[in-house]
Amino acid sequence: MIKQPLLLSKVNVVYAIVVGVMAVLPFVLDSRTMTILLTQFCIFAILAMSYDILLGYTGIISFGHAMFFGIGAYTTAIMLSDYGPSIGIFAVSIVVGIVLSAIISVISGALTLRLKSHFYAMFTLAISGLFLVLAEKWRTVTKGNDGFTFRAPELFRERLYFYFLVLICLVVVFILLKRIVASPFGKVLVAIRENEQRTRSLGYKTLGYKIIASVIAGAVASLAGSLYAISLRFVNTSVMTMDITLDALMMTIIGGVGTLIGPIIGAGVIEFAQHYLSGLAREYPIFERWIIFFGILYILAVIFFPRGIVGTVSLRYHEWKLKKGQKTKASVKLREKEIQR
Amino acid sequence: MEPIIKTSNLSIKFGEHKAVDNINFEMSAKHFKSIIGPNGAGKTTFFNLISGELEPTEGDVFFKGLSLRKKSSVERTRLGIGRSFQITNVFPNLTVLENVRLAVQSKRKVRFHMLNHFLKYKEITNEAIGILEQVLLTDKMHQVANQLSHGEKRKLEIGMLLALDTEILLLDEPTAGMSLEEVPAILDVIRSIKERGDKTILLIEHKMDMIIDLSDSIMVLFNGALLADGTPEEIMNNETVQQAYLGGLAYD
Ligand SMILES: Nc1ncnc2c1ncn2[C@@H]1O[C@H](COP(=O)(O)OP(=O)(O)OP(=O)(O)O)[C@@H](O)[C@H]1O
Ligand SMILES: [Mg+2]
Numbered sequence: 001m002i003k004q005p006l007l008l009s010k011v012n013v014v015y016a017i018v019v020g021v022m023a024v025l026p027f028v029l030d031s032r033t034m035t036i037l038l039t040q041f042c043i044f045a046i047l048a049m050s051y052d053i054l055l056g057y058t059g060i061i062s063f064g065h066a067m068f069f070g071i072g073a074y075t076t077a078i079m080l081s082d083y084g085p086s087i088g089i090f091a092v093s094i095v096v097g098i099v100l101s102a103i104i105s106v107i108s109g110a111l112t113l114r115l116k117s118h119f120y121a122m123f124t125l126a127i128s129g130l131f132l133v134l135a136e137k138w139r140t141v142t143k144g145n146d147g148f149t150f151r152a153p154e155l156f157r158e159r160l161y162f163y164f165l166v167l168i169c170l171v172v173v174f175i176l177l178k179r180i181v182a183s184p185f186g187k188v189l190v191a192i193r194e195n196e197q198r199t200r201s202l203g204y205k206t207l208g209y210k211i212i213a214s215v216i217a218g219a220v221a222s223l224a225g226s227l228y229a230i231s232l233r234f235v236n237t238s239v240m241t242m243d244i245t246l247d248a249l250m251m252t253i254i255g256g257v258g259t260l261i262g263p264i265i266g267a268g269v270i271e272f273a274q275h276y277l278s279g280l281a282r283e284y285p286i287f288e289r290w291i292i293f294f295g296i297l298y299i300l301a302v303i304f305f306p307r308g309i310v311g312t313v314s315l316r317y318h319e320w321k322l323k324k325g326q327k328t329k330a331s332v333k334l335r336e337k338e339i340q341r
Numbered sequence: 001m002e003p004i005i006k007t008s009n010l011s012i013k014f015g016e017h018k019a020v021d022n023i024n025f026e027m028s029a030k031h032f033k034s035i036i037g038p039n040g041a042g043k044t045t046f047f048n049l050i051s052g053e054l055e056p057t058e059g060d061v062f063f064k065g066l067s068l069r070k071k072s073s074v075e076r077t078r079l080g081i082g083r084s085f086q087i088t089n090v091f092p093n094l095t096v097l098e099n100v101r102l103a104v105q106s107k108r109k110v111r112f113h114m115l116n117h118f119l120k121y122k123e124i125t126n127e128a129i130g131i132l133e134q135v136l137l138t139d140k141m142h143q144v145a146n147q148l149s150h151g152e153k154r155k156l157e158i159g160m161l162l163a164l165d166t167e168i169l170l171l172d173e174p175t176a177g178m179s180l181e182e183v184p185a186i187l188d189v190i191r192s193i194k195e196r197g198d199k200t201i202l203l204i205e206h207k208m209d210m211i212i213d214l215s216d217s218i219m220v221l222f223n224g225a226l227l228a229d230g231t232p233e234e235i236m237n238n239e240t241v242q243q244a245y246l247g248g249l250a251y252d
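Going line by line, the protein sequences match chains G and C. Letter by letter, the first sequence follows residues 1 to 341 in my numbering. Letter by letter, the second sequence follows residues 1 to 252 in my numbering.
Isolated chain G, as found in the complex (with noise of 0.2 Å):
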């Protein structure tokens, strides 16, 4: 009656088929933008992921998820440089990275994640500013706002070859976050967004678990912000602001909160929409305000996709199914859809 996933579910077979095509499509397109432009598809799908454990399933408004991705991304730009851009170099600034962001979550989470949602909020913003700061007046490690460009470890200057590892750490971010969700913790993470008051009074202890999944988003933000340096090969401090933060927002809400294909799908929606918004822009200069766009897309999302792409879609599906009949075990979880915003 009640089975677990099967490992070759349809499901599955579906992802599979989907990370293939994603795989051979830089052969098939052929052209280095593109490349390009799927390596960052790719990573801010990580980093929109990782906002998702907070947002989505724990139900933890956060403004300061950059700070994390910048510190993957200063961490490899700052040992690359100093160290030389080799393959363990990079493999070290990415652990070193994850362990500072897992650090910082661990203090700032214990401070503060026992105060009320919108104080947790705003501490959050404060904190990455002040980290935002720091990136700025540390001149003599990280050259300010004008930051520095490093080397490459050598085989990733074959565009391809890293855009390779990127779908791979994509792949595993998915898999890995998909286990935690469905795990009994991550039962609990969903339990604290729907009554965290309810959940203490079952017995969890909800700071270590809000605490334990910022870690993780953390983490996770901060393998997404070394990716993305190397994929510039460049690092200043763009990479701690709000933007970031506002693109994982973005990402997370037009995808579909509280799943993790929603994000994935939200970061390749807004990463193409950039992409030709910005390059129609050269033709019509009303385009270059694409940000613009940006906002007005959002809030018609918002207005008429609460459930952001992935919720809406799945919603549909089943309409469509109990239209063909399949009645009862169709409206039960219709209803489900429904209910889960």
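If you're looking for bench data, these hints aren't it; they were derived computationally from the structure. Each residue gets a CB set at the ideal place from its N, CA and C atoms; glycine is no exception. Treat each hint with caution, since some may be false.
Claimed, not checked - So the derived label-pair ranges between C-beta atoms look like this:
hint, chain 1, residue 1, chain 2, residue 2, range
1, C, Ser179, G, Tyr276, 57 to 63 Å
2, C, Thr138, G, Met122, 52 to 58 Å
3, C, Glu2, G, Leu134, 54 to 60 Å
4, G, Leu115, C, Thr138, 38 to 44 Å
5, G, Trp320, C, Met114, 32 to 38 Å
6, C, Leu66, G, Tyr83, 42 to 48 Å
7, G, Glu319, C, Ser192, 39 to 45 Å
8, G, Gly295, C, Lys122, 56 to 62 Å
Stated by the list, open to error - In silico contact screen, one side only, chain C against chain G (beta carbon under 7 Å); selected entries:
hint, residue
9, Ser73
10, Thr77
11, Thr88
12, Phe91
13, Asn93
14, Leu102
15, Val110
16, Phe112
17, His113
18, Met114
19, Leu115
20, Phe118
Since the structure of chain G is already known, use the hints to place chain C with the ligands on it.
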């Protein structure tokens, strides 16, 4: 015998209003006590003080002699004080089964397991299904809690408490707002817990016939204070109680 639960001078003020006023009470293990009192008497607030949802302005609660002053609601649940809520307090967007499973999971101390699929823990699901059978919700198990009728939500609330399997059960008006047909089933559930004989039960209820039938003793709250505490017979014959409460018995 040492009381399993005890309060001393327990009080809480909301502004100038003493919602619970200097209550001293104790209860021995495996006893069934009901709490009655008019609306606003402080019954739910009394529960909130015992379960740690609220902090007393004065006094303390003791569980097996241990002061609970510094214990959060989480720790009190883990010690063995479980409760249900008068105003249904479940996970609205999770299914009925998921709601109960979370309670079973907590009882079984499966807390930070991160890498196994939750359905690998078959015993948790099975136990949750068993609980749903007890509270007659098996056919609703895959429905989202939000969509349940009021009465079904009350059943779910009790199911989650049973799933926690704590030594002490605090039941806050489990049948409040239920339709008349639904009440006997819940009554049966409570009676069968009582008959199993391993739980200490505190029940807040307005339905007098139900209380008299189930309780070993009854305590009466009035304006936050403990007005009387005794066997059902004593309470029914107590004149102050009659004047204060039973006289104006318009509740059901
Ligand atoms: N958190 C709070 N803040 C302020 N006042 C409160 C709070 N909780 C309860 N009260 C007040 O304390 C008094 C006791 O409320 P309580 O809910 O304990 O009554 P009750 O006996 O459970 O009543 P009922 O039978 O209606 O459930 C009421 O006057 C109520 O307004
Ligand atoms: Mg009450």
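Against the structure, the hints come out as follows:
no., hint, result
1, C:Ser179 - G:Tyr276: 57 to 63 Å, "holds, 58 Å"
2, C:Thr138 - G:Met122: 52 to 58 Å, "violated, 46 Å"
3, C:Glu2 - G:Leu134: 54 to 60 Å, "holds, 58 Å"
4, G:Leu115 - C:Thr138: 38 to 44 Å, "holds, 40 Å"
5, G:Trp320 - C:Met114: 32 to 38 Å, "holds, 36 Å"
6, C:Leu66 - G:Tyr83: 42 to 48 Å, "violated, 56 Å"
7, G:Glu319 - C:Ser192: 39 to 45 Å, "holds, 42 Å"
8, G:Gly295 - C:Lys122: 56 to 62 Å, "violated, 49 Å"
9, Ser73, "holds, 5 Å"
10, Thr77, "holds, 4 Å"
11, Thr88, "violated, 10 Å"
12, Phe91, "holds, 4 Å"
13, Asn93, "holds, 5 Å"
14, Leu102, "holds, 5 Å"
15, Val110, "holds, 5 Å"
16, Phe112, "holds, 5 Å"
17, His113, "holds, 5 Å"
18, Met114, "holds, 4 Å"
19, Leu115, "holds, 6 Å"
20, Phe118, "holds, 5 Å"
Violated hints, listed in ascending order, are 2, 6, 8 and 11; each of the other numbered hints is respected by the structure.
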